[in-house]
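Listed in order, the protein sequences are those of chains A and B.
Its first residue numbered 2, the first sequence is counted upward by one per residue in the numbering used here.
Its first residue numbered 13, the second sequence is counted upward by one per residue in the numbering used here.
To be clear, the hints were calculated from the coordinates, so they are not data collected in a lab.
Note that the Cβ used here is the ideal one computed from N, Cα and C, for glycine as well.
Hints should not be assumed to be uniformly reliable.
With the Cβ distance kept under 7 Å, some of the chain B side facing chain A (calculated, not the full set) [claimed, not checked]:
(1) Y199
(2) R201
(3) A203
(4) G204
(5) R256
(6) D277
(7) L281
(8) V284
Pair ranges (Cβ atoms, derived) [said to hold, decoys possible]:
(9) L30(A) - P99(B): 33 to 41 Å
(10) R256(B) - P434(A): 24 to 32 Å
(11) D269(B) - G237(A): 36 to 44 Å
(12) R256(B) - R283(A): 52 to 60 Å
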Amino acid sequence: MTDTVRDHVRRPTRVVNTSVLRNDAREKLLGRTRYAGDLDVAGQLHARLVRSPVPSARIVAKDASAALAIPGVVAVLFGEDVPNNEIPTNTAGIKGRPLPPSWVLATDRVRYHGEPVALVVAANLRALAAGEAAVEVEYDLLPVVSDPERALEPDGPEVHEGGNLLSQWEIDRGDVDAAFADADVVVEGRYEAQVVDHAYLEPETGVGWLDDEGVINIRVSTQEIEHYRRIAHVVGLTDSKVRVQAPYLGGGFGGKEDMTVEPYIALAVQRTGRPVKMTWTRQESLTARAKRHPVRMSYRTAATADGRLLAHDIEVVSDAGAYPLLSGFVLLYITLNAAGPYRCDNVRVRSRAAYTNNTPGSAFRGFGGMQPVLGYEAQIDKVADATGRDRVEVRKRNAFTAGDRIPAGQRIDTAVWLPQCIDAVLERIGPRPEPSSPDHRVGLGLACNVQPYGRVAWMNDSASAWVGCERNGDVVVRCGVPDVGGGQVSSLAQIAAEVLHVPMDKVTVHFGDSARTPLAGRTTATRQLYMSGNAVLAAARVLRARLVEGVARGSGHAESALTLAEGGVITPDGVVPLAEVVMMCLANGVAINAMETYFAPTGPPVAQRIDAERIVPDFTFGAHAAYVEVDTRTGAVRPLRYVAAHDVGRAINPASVRGQIEGAVVQGLGYALSERIVYDEGVNLTGAFYQYAVPTAADCPEIEVVVLESGEGVGPFNARGIGEPPIGPCAATIASAIEDAVGVRPTTLPMLAERVRACIDERAQS
Amino acid sequence: MSDVLTTMAYERARSVPEALVLLAEGGEDARPISGGQSLVPMMNLGLAAPAFLVDVSAVPGLRTIAVEGEHLVIGAAVTHAELTSDPLVAEHAPLLARAARQIGSQRIRNRGTIGGSVAHGDAAAELPVSCHVLEADYRIESATGTELRAAGPFSLGYYQTDLAPGELVTAIRVPLRPRHGWGFQEYSRRAGDFALASAAAGVRLEGDRIAEVAIAVTGAADRPVRLGELERSLTGQSVASAVRSVAGLAAELTVADDPYCAGADRARLIEVMVERAVRDACADVRKDRP
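Model the full assembly from the supplied sequences, consistent with the hints where possible.
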C-alpha cells in the first residue's frame with residue numbers, strides 16, 4: 002500500500018495542485034445555480050409532514066377526514082398507507098441484539114418531538130398549511146427520558162423494547178492498570194459536548210415526478226443518491242424504478258446523509274401520479290432533523306515525569322436520541338479517536354450510546370472524530386502542566402509517526418506531519434495582541450487532531466467513473482457524486498484535465514444521477530475526492546492509453562514513440578490534435594472512453610472489542626492555534642486571530658482546500674462558543690433560526706490557513722481528505738486559549754459567557 | 013400565485029394626514045410599516061398577519077431631524093443608520109447614535125427606523141431603553157389629534173406599547189441637556205443579536221460628583237426598566253465610588269430564567285453593563301461645555 006502511495010509523489014502537475022477557477026464558481030456567484038428547491042415542475046403538488054408535538058406518546062387516534070375536506074388537499078397518508086413503512090437500520094449495534102428500525106411515518110408510537118406522523122399533499126401551500134393543521138392525531142403521553150445516563154439505568158423508561166443501550170465499543174490495548182500503577186503523573190478530566198445542528202443555508206428540499214418509463218424521479222438536496230434503493234423499498238418498487246438526482250447542494254455537513262424528504266416525495270408521487278415538491282422549513286429542520294451527538298467523556302491519563310503518555314482510561318456516554326440512524330458508527334469513531342493523534346500503548350475505552358426521547362443523533366462533519374478532541378487535547382495539556390513541560394514539546398514527543406498503531410490496532414501507513422502542523426500554526430499566529438481594556442485578558446490556544454477519511458473497511462467501498470472524449474476532443478466525465486459545495490465536481494474535472502492534457506474548460510462533468518452516472522457512493526466520511534477522484538484518475542489514465550493506442554494504430558508509429566500532451570498526441574510526424582485522435586481511434590476500433598472502479602481497502606467488521614489491522618483507509622492530521630480575548634467580568638470570549646494547518650498530502654485545488662478549512666473553523670467556532678439546541682424534557686425549544694447562534698461574519702476572527710503537503714495520502718495524486726478534519730480542533734483550541742487567558746479551562750460546550758464567568762468565579766474562590 | 017400563503021393590501025402614504033386617514037380606514041387590520049425590520053420577520057414567522065400595510069417610509073415630514081426649542085425632534089422614519097451619522101444627533105443626543113450602532117447589522121440599520129423600534133416595543137431593543145434614559149417623549153398622531161407620550165410608560169410589556177389602532181408615532185422628542193454625558197453598553201451572544209442585557213446611562217457632574225444620573229436597562233423585565241433606587245444612591249457620589257457602587261446590583265434584581273440564559277446570569281450581565289455605561293457616561297461629560 003505504501004508503495005502505491007508514493008507512486009506519483011511530487012511528479013509535476015499542470016492543473017492539479019493549482020487554484021484553478023472552480024467550474025461551479027461563476028454560476029454560483031451569479032446566483033444562477035439551480036439548487037434542488039429552485040426547480041418547479043409544471044403541475045406540481047406540495048407535500049408537508051404532520052409532526053409529533055410531543056417527545057414520547059402512544060398514538061391513540063388519527064383522522065384525516067377534516068383535512069381531506071379542505072379544498073386543494075389531495076391526499077393524507079399515515080404509516081398504514083406506506084407500502085413498506087419500516088426503514089431498516091444500518092448501523093453497528095450490539096451483537097445478538099437486533100436494532101429497531103425507524104419509520105417513514107410513526108403508526109402507534111412517537112419517540113421524539115417532530116417525528117413524522119402523517120403526510121399531507123395539496124395543490125397549493127395555503128391548502129397544505131390548512132390541511133396539516135386539520136389532521137387530527139390524538140396522543141396518550143408516555144414517560145420521557147432525556148438524559149442518556151438516566152436512560153441506561155435499569156429502571157430508565159424504555160424508548161425501544163429491550164432496553165436503551167444502542168451500541169457499545171471497547172478498546173483494551175496493553176495493560177492499563179499496570180501503567181497507572183507505574184505512572185509518575187495521573188491527570189483526570191470530565192468533558193461534555195452539546196447537541197448541534199448542521200444549519201446549512203439550504204434546508205431539506207426536493208421535487209419528484211413520474212417519467213414515461215414509470216420511474217419515480219426525485220431531484221433532491223442529498224449527500225447520497227444511492228438512497229434510491231431505500232426509497233424504492235419504501236414505495237414497494239424494484240430498485241431501478243427510482244432515480245435520484247442531486248444537483249449542487251447548499252451544504253450537507255452530514256445532515257443529508259440519511260434520507261430527508263425523499264421517501265415522502267416518492268410516496269406522494271406514487272399516490273397522486275403528479276409531480277410533488279417538498280421543502281422543510283428551517284423550523285422543521287432545526288426541530289426534527291438528526292443532530293450531532295452530545296457526549297459526556299471522562300478521561301484518566303497516566304504519563305511519565307518527562308511527559309510521555311503511558312495510558313488512557315476513557316469512558317464515553319453518547320445520547321443517540323430516539324432512533325439508531327448512524328449512531329453506532331459515530332460511537333465507533335468516538336472510540337477509535339478517543340486517544341487522539343498520540344502514541345499510547347495502554348488504552349482502555351468504554352463507550353456507550355443510549356436511546357433517549359431527544360432528536361436522533363446521526364452524521365455531522367467530524368462524525369465522532371470531533372467530540373473527543375475536547376477531551377484528549379485537555380488531557381495532554383494537563384500532562385504537560387503536571388510534569389512541568391512545555392505543551393508543544395509534549396505534543397511533539399507523543400505524536401504518532403508513520404508505522405505506529407492506533408489504539409484500535411491499525412497501523413498508520415502514511416506520513417504524520419503533526420509537528421510540522423504545530424510549527425506552522427505557532428509561526429503564523431504572530432505576536433500576542435494587547436487586551437482591549439483592563440477587564441480583558443488575551444490567551445493563546447493550541448490543539449491538534451486526527452480524523453480518518455474514507456469509510457470503514459467492511460463497507461467494501463467503491464466508486465466508479467466514466468471518462469470519454471467528444472468528437473471535437475472535449476472531455477466528458479460521468480461520475481455519480483453529489484457535490485455538497487466542497488468542489489467535489491470541479492476536482493474531478495481537474496484530475497481529468499491533468500491526465501488528458503486539456504484545459505479545465507474543455508471538461509464537462511455529469512454528476513449526481515443514480516440512473517445516468519456511474520455510482521460513486523455518498524459524499525460523506527471525507528471520502529468523495531479520495532474515492533471518486535481515484536476512479537476518475539484510473540479511468541482517465543486508461544483513456545489516455547487508448548488515445549495513444551488509436552494514434553499508434555492509425556499512424557503506424559509504436560506507442561512508445563507517442564505522447565499525449567497539450568494540444569494532442571505528439572508523434573514523430575508532428576502533433577495530432579485531439580479531435581483527430583478521436584477519429585483515428587474510432588477508425589481503428591479503439592474506444593474513446595473508459596470506465597473504472599476504485600476499490601477502497603477492505604477488512605472484516607471489527608468486534609465490539611476493537612482490535613483490527615484495517616478499519617479505515619487513512620488519516621488526516623492537523624493543528625490549530627488561536628488568540629482569544631476574554632472579558633473577565635462577563636466571561637464573553639472573542640476569538641481575535643486563528644491559524645489552522647493540515648497536511649493534505651497534496652492539494653488538488655489549494656483554494657478549495659483553504660475554503661474547506663476556513664469554513665470548518667467557522668463551524669467549529671460555533672460549536673465552541675455559541676451553537677446549541679436547547680431541550681426541555683425532550684421538547685426541542687430551538688425552532689427558530691435566530692435562536693440558533695451560528696457565528697456571523699462579525700463574530701469571526703481573521704483566519705489564516707496553512708496547507709501542508711507531505712506528498713503522502715491515499716487519494717488521487719496523494720491527496721488526503723480534508724472535508725471533515727479541520728472542524729475537529731476548534732473547541733479545544735478555544736478552550737486552551739481561554740485557559741491561557743484566565744487560568745481556568747471550561748470543559749462544557751458551548752463555552753458561553755456565563756459558563757466562562759462561572760469558571761473564573763470558581764477559580765477566584767478557590 | 014397559488015403559493016402565496018396570505019394576501020394583504022398595501023398603500024404607500026405620501027403625507028402624514030394621508031397615512032392617518034389610511035390607518036383610520038383600516039382600523040384593527042391596518043399596521044404602519046416603515047423599514048419593516050420587525051414587522052416583516054414577524055409576518056414571516058406567522059406571528060403577525062396584518063391585512064393592510066400603510067407604508068410611511070416615504071413621508072417627507074417623517075424623515076427630518078431638527079432642533080425645535082428645547083428639543084431635538086427626530087422624525088419617526090429616520091433610520092438607525094442615519095442616527096449613527098447625523099451631526100445634530102451626535103451633538104444633542106449622542107446616546108441614540110451609540111445605541112443605534114449596536115442594532116442588528118448594517119443592513120438592518122439601513123432600513124430600520126426609530127419610530128418603528130419604539131412602536132414595536134421589543135423588550136431588548138436599544139432605542140426604547142435609550143429614550144427612557146433621555147426622558148424623551150413620542151409625538152403620537154391619529155385622525156382625531158396629536159398628543160405627546162413619555163417614553164418610559166409607553167412600554168407596556170413584550171411587544172406591547174401604548175399605541176392604539178389608527179395611531180402613528182410621528183416623532184421622537186429628546187430634551188436638550190448639553191451638560192450630560194452618556195453611555196450605552198450591551199452584551200449579546202453574537203454580533204447583531206438582541207442583547208441579553210443592555211444599559212443606558214446619562215450623568216451630569218458637578219466637579220467630580222454625580223449631580224444627576226439616569227440609568228435604564230433591558231434584560232431585567234418585559235420592558236426597559238429605570239433603576240431609580242440605584243440612581244438615587246449614586247447621586248452625590250464621586251465618579252470612582254459611583255462606579256464601584258454598582259457592584260451588588262445583580263443581587264437586587266429578580267430576573268426570570270429563560271431557556272437560553274438563567275435569570276441570575278442575566279442579572280450579572282446587567283450589573284456589568286450598568287457599571288460600564290455609568291463609567292462611560294462620566295467619561296463622556298464634556299468639560300468644555302457651558
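Handout entry: Cβ separation of R256(B) and P434(A), checked against the hinted range 24 to 32 Å
Key = holds (29 Å)
Problem - Status of the G204(B) interface restraint (C-beta, 7 Å, chain A) - result: With a closest approach of 6 Å, the G204(B) hint holds.
Practice task
Return the status of the interface hint for R256(B): holds when the least beta-carbon distance to chain A is below 7 Å, violated otherwise.
Solution key: At 13 Å from the nearest chain A Cβ, R256(B) fails the 7 Å test, so the hint is violated.
Problem - Interface hint compliance - A203(B) to chain A, C-beta minimum distance less than 7 Å - result: Nearest chain A Cβ about 3 Å off; hint holds.
Practice task
Could you check the hint for me, namely that D269(B) and G237(A) are 36 to 44 Å apart, CB to CB?
Solution key: Given range 36 to 44 Å: violated, Cβ gap about 50 Å.
Practice task
Using Cβ atoms only, decide whether Y199(B) comes closer than 7 Å to chain A, and label the hint accordingly.
Solution key: holds (6 Å)
Practice task
Can you let me know if the beta-carbon spacing of R256(B) and R283(A) is within 52 to 60 Å?
Solution key: Violated - the Cβ-Cβ distance for R256(B) and R283(A), about 46 Å, lies outside 52 to 60 Å.
Problem - Interface hint compliance - D277(B) to chain A, C-beta minimum distance less than 7 Å - result: holds (4 Å)
Problem - Per-residue hint verdict: R201(B), partner chain A, C-beta under 7 Å - result: holds (5 Å)
Handout entry: L281(B) as an interface hint toward chain A, with CB separation required under 7 Å
Key = holds (6 Å)
Practice task
Starting from the hint 33 to 41 Å, judge whether the C-beta atoms of L30(A) and P99(B) obey it.
Solution key: holds (39 Å)
Problem - Residue hint V284(B), partner chain A, criterion CB-CB below 7 Å - result: holds (5 Å)
In summary, the numbered hints that this structure violates are 5, 11, 12.
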